[in-house]
Every structure is written in C-alpha cells, then in structure tokens.
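Asks: One letter stands for each residue in the lines below.
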Amino acid sequence: MTEFVTQGSWVEIQNIILDVGERAAQVPQDTRQVPLELRIKGFLVAAAALGDEAEIETPTGRRLRGKLTTANPAYTHTFGSPIPELSTIGGEVRAILREQGRIR
Amino acid sequence: MSWKFGYAKIMGQRDEIIKASLGIDYSQYATGRLAFDYERLLADTGYTIDQVRAVQSRAAVGDTPLLELENITALVRAGAQPGKGARIFVKDEAANPSGSFKDRRAALAVCEAKNRGHVGVAAATSGNFGAAVASQAARAGLRCIVVQEAFDSQGIAQPEIAEKTRACEAYGAEVIRVSVGPELFYVFLCVLQESGYFNASLYTPYSILGIETLGDELARQVRRQCGRFPDLVIATHAGGGNLTGTARGLEQAGARETEVVAASVDLAGLHMASDHDFNRKSFTTGHTGFSMPFTTWPDRADVPRNAARPLRYMDRFVTVTQGEVFYITQVLAELEGLERGPAGNTSLAAAFAIARELDQDQIIVVQETEYTGAGKHPLAQLNLAKQLGIEVRRGDPRDNRPGRKIVIPEHPSQLAVVDIDLDHVRHSYLHNAIESLDEDARLSGVDIEFLAAETRSSQDYVQEVIDEMC
Chain A
1 MTEFVTQGSW VEIQNIILDV GERAAQVPQD TRQVPLELRI KGFLVAAAAL
51 GDEAEIETPT GRRLRGKLTT ANPAYTHTFG SPIPELSTIG GEVRAILREQ
101 GRIR
Chain B
1 MSWKFGYAKI MGQRDEIIKA SLGIDYSQYA TGRLAFDYER LLADTGYTID
51 QVRAVQSRAA VGDTPLLELE NITALVRAGA QPGKGARIFV KDEAANPSGS
101 FKDRRAALAV CEAKNRGHVG VAAATSGNFG AAVASQAARA GLRCIVVQEA
151 FDSQGIAQPE IAEKTRACEA YGAEVIRVSV GPELFYVFLC VLQESGYFNA
201 SLYTPYSILG IETLGDELAR QVRRQCGRFP DLVIATHAGG GNLTGTARGL
251 EQAGARETEV VAASVDLAGL HMASDHDFNR KSFTTGHTGF SMPFTTWPDR
301 ADVPRNAARP LRYMDRFVTV TQGEVFYITQ VLAELEGLER GPAGNTSLAA
351 AFAIARELDQ DQIIVVQETE YTGAGKHPLA QLNLAKQLGI EVRRGDPRDN
401 RPGRKIVIPE HPSQLAVVDI DLDHVRHSYL HNAIESLDED ARLSGVDIEF
451 LAAETRSSQD YVQEVIDEMC
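Those protein sequences? They're chains A and B, same order as listed.
Counting in my numbering, the first sequence runs from 1 upward without gaps.
Counting in my numbering, the second sequence runs from 1 upward without gaps.
It should be emphasised that the hints constitute simulated quantities derived from the structure, not laboratory data.
Note that the structure is a prediction, hence the values are computed from the model and not measured.
Even for Gly, the Cβ is constructed at its ideal location relative to N, Cα and C.
Among these hints, one or two may not hold up.
A short, non-exhaustive set of chain A residues, derived as facing chain B with CB atoms under 10 angstroms [said to hold, decoys possible]: (1) I17; (2) G51; (3) G80.
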C-alpha cells in the first residue's frame, strides 16, 4: 500500500546530480564509484507517495523536484552513551589539583 | 529548477557566476603575473574597523568575554618546571548569536548583501558559517541558502554537520545537503546562478575584515586586564580566514610583538574527497585536511583571489591529535565549568602544551570557543567512531592514527604540539605558485616582492628557492 504524504507537509526529497561515471576527474577511486547525491527539505506542493517524484517549496520559496524520501524528517543526531575513555578524566585532573592544594 | 545544467558548462562559467554573485572584479587588482594588490582588495570594501564594529554591534555580534582559565593554568603548572606555566585565557566567541566567531564574518557579508539590494545570501559551508549566515540573514530579513557536504554513500551524516543542518533550518534557511565530493562547488554555482543571491563566501574581503575586530578586541581586553598585550595568540586554522583576520586585528590594536600561532588537528593520511574517509575523521574543521592545502595555496576557494592568506601572518604552525582535543574538552568542562565545541578546543589543547614551556607571567590567549551540543559533542563523535570500527582508547597521544585509532592521553603531561616546518611550507607555496604559471611566463620584480610578502620572507629567499626549482 503506498503511503501518501499530504500537501503542505514538511518532507525531504532526493536527486542524483552526477551518476557514477560523471564524477569530477580528481575524485579518488572510492568516491568515483558512487553517485553525487543531493537532499533537500521543504513543504510538499501537492500530495505524493513516498518514492515518487514530488515538488517542494523550500523555506526560501523556491520550487524543486526530486524523489520523495521522508515525511517530517527527524533530526537523529544526539550524544549517545557515555564514553568510558572520557568519564574518568575529570576525577584524574581534580586529583592532581587536590595534590597541589588548589582544590579540596 | 533542474540540477542538470551540465557540469562542464557550469564549471566553465564559474568566473562569471562568481563575479555576478559577489560584485567584485578581481582582475582590476592584478599587478603582475601572480601579484595582486591585496591591501587594496580589502580597503576597497569601504569598511574601516570602526565601521565593522558598528555593523557587528547592531547585529548583536562581538564584544565577547575574555575568560582566564585559572584551574587549567594550575594543571599546567603542576606538570611544569618551577616558574613555568603561562596564564591561559580564552575568548568566548560562543557568546555570539549563533554560537561562534563566524557571526563576525556573516554580519558583514549580510550587511553588504542588503546594501546591494540582494534578496538573499548563499554560502557553501558545512560548518558554523552556514548557521551564522542563516542567523544574520534572518535578522536582516534576507533569504538564505546553505550548501553542505553532509553525508556519505551509506547515507551516514557526520553528526556535527547534522547539527549545523538543524541550526540552519531552525533559522529559516534552505539547506541543500550533498554527498561527499568536490562537486559541491558545482551545486553551489547552480544555486548562485539560479537564485541571484549574494555569495557570502568565507574567502571574500568582507569575511576577513569581519574577524579583525576579534583580534583587536582580545588585544585591548588583555591589555586592560593585565596591563600588556598577550605574548601568544593561538587560532584554530583551517581555511585561513580565522588566522588572517585575527593577526590583522592584533596589528590594528598595536600588538605587534604578539606571536600568532596556527593550530590544526592532524588528519594526515585521510583523503578529504574520499567517501570512505569522510566519517572516519572526528573533526569537520580546524584540521590539516584544510589547513595544509589552504596555507600552501590560498587561491583554491570559491573566489578568484582569496582574502584569507595565512602564510603572511603565522609565526608558528602546530598540530595536535584528535585524542588530545577530546581530552582537553573534558578538562575544560570539569575544571572550568565551560562546555565548548571542538574548534576552540583544538587551540586550547595546543595552548596547554605550549604554556608549559613559557614563564608564569606570560599570557596565552586561545582565540575562540564555539558552542557545543548534540552531534558536536565528543560523545557523539566518539560513539560514531566506535560504530565505524575506529579504536578508541587511553594511551600515548603519539599513537593516534587518523581513521584508525583515537588515543586519549592518560595524563596532562602527555599533551604536546608538533611543529610544522614553516620553511617547508614556504617551499610548497612557492612550488605551487610556479606551477600555476603558464610554461613561458616570466616573473617580474613585482611578482617577487608579492611572493616575499605571501611567504613572510625576503625577495632574496624567494629568488633562491625559485632558482633551485627551475
């Protein structure tokens, strides 16, 4: 069942700008073997299904077309778990300052 | 708008597109084959440092606190010879509206765009500058497009850049995210041509003049607080604008004896255009992937002549390892109560090591801090590193291997800087300069004079090195 995203929704679209074989001459081997891809977010001009070509209006008012990839794309960057290799540093340096008599 | 303008066609039009979007005719500054009138390029913007200060003040930018890091200085002294351990200060540029000194550059660029009647500004940057331009554009009522190199072929976004995307979008900008590759410049040219927006590049004269106030401010603040100018200012070095602007600002304040030190994270071995290497570095700026190329040949940016010319201004160029920056970030938070981002901490790591060798009454200023948060934080970067199979452990920082091992010091005494041989850098610059010429081109006296200024050397030195090469 195709998932339709309603008109006016904040979405992300994707385009392939340069295919494999069209990459700039100076890129290294691993980059040469993948396409140059572009992603951009905006408001859906007309309802569309995920995976279909769709048109968005960006925050600057420009109209752009591309493959509809995500509805209401989340920001997933975070902190993650504490890193044990960092967790003890505070205690270590406070111990040095304590030894110096600078802190109790 | 179609992206299929044609790569070759657009790249062939790059000079006209850049000229139209910036309104500067760089050719009028040429004085020789290589030489151009750098000072006139900057002066022709029509902004004095006082006018820049006024623009920034209206934009809620600048006039940031100077903080003394007494506990960190004490930690340095605990491991230094008697009488050694310079005072370390930091200029808290994170206090600017979008959280970094980039606001100083953006304020001027946006002011200029508005004066010229542009409806919007565009910038190609994956870093703080994008957020700064978006923030200033919002205040000025201009539209904003930011083009970022943001993710690899697996779709994995570099967490620090993901946070920049979020910030730019929060300020109402259109953000175009591109996968790894130098062809981002092509995308940016398409955007400039299609939109007609002002090119708020990091490398225009406006961008450099905007940073002069930082150098000037910190010199005056230190003199007010300590009765004299700093002995040393350390600036995190990537594209060269930070170093150039700060050094010029110090000069303007009269701090002519202050040593200017460039600091970068060492990422030797990683290729900046490699899809594989993209997420295997834990720093997105302030590293040798930018600073080595831009120091040895500034004219590789999105403008014909780069206003950032770091080799003219650096007294010393040092590198630190990824592990040391993560270590000092933790120390800054736990000993000074300041949670700050990686760019400033790169210089702080260098400051810690250098302070150990200086006298207790000497003064070192770390020239910037930036904000931190999800994505930018050491936790985010180290979790991604571990996920991608990079070894993270405590140990001797000399065992750091970019892309493979992040080694976090076990003791503050292990923090050190590695000096980059500036003579070697000058040779590379001159080699690049010669390479850029046509086969039959002859250098004039003006060119030799220019190259001497560019390399902070002498005409004899330049002539000697060139003769060796030919």
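Asks: Taking the hints in turn, state whether each one holds.
Replies: Do the hints match the structure? See the list:
For I17 of chain A, the shortest C-beta to C-beta distance to chain B is roughly 5 angstroms, which falls under 10 angstroms, so the interface hint holds. Of the supplied interface hints, the one on G51 of chain A is violated, with its beta-carbon coming no nearer than about 15 angstroms to a beta-carbon of chain B, more than 10 angstroms. Interface hint status for G80 of chain A: upheld, as the beta-carbon distance to the closest one in chain B is roughly 3 angstroms, under 10 angstroms.
Consistency with the previously given hints fails for number 2 only.
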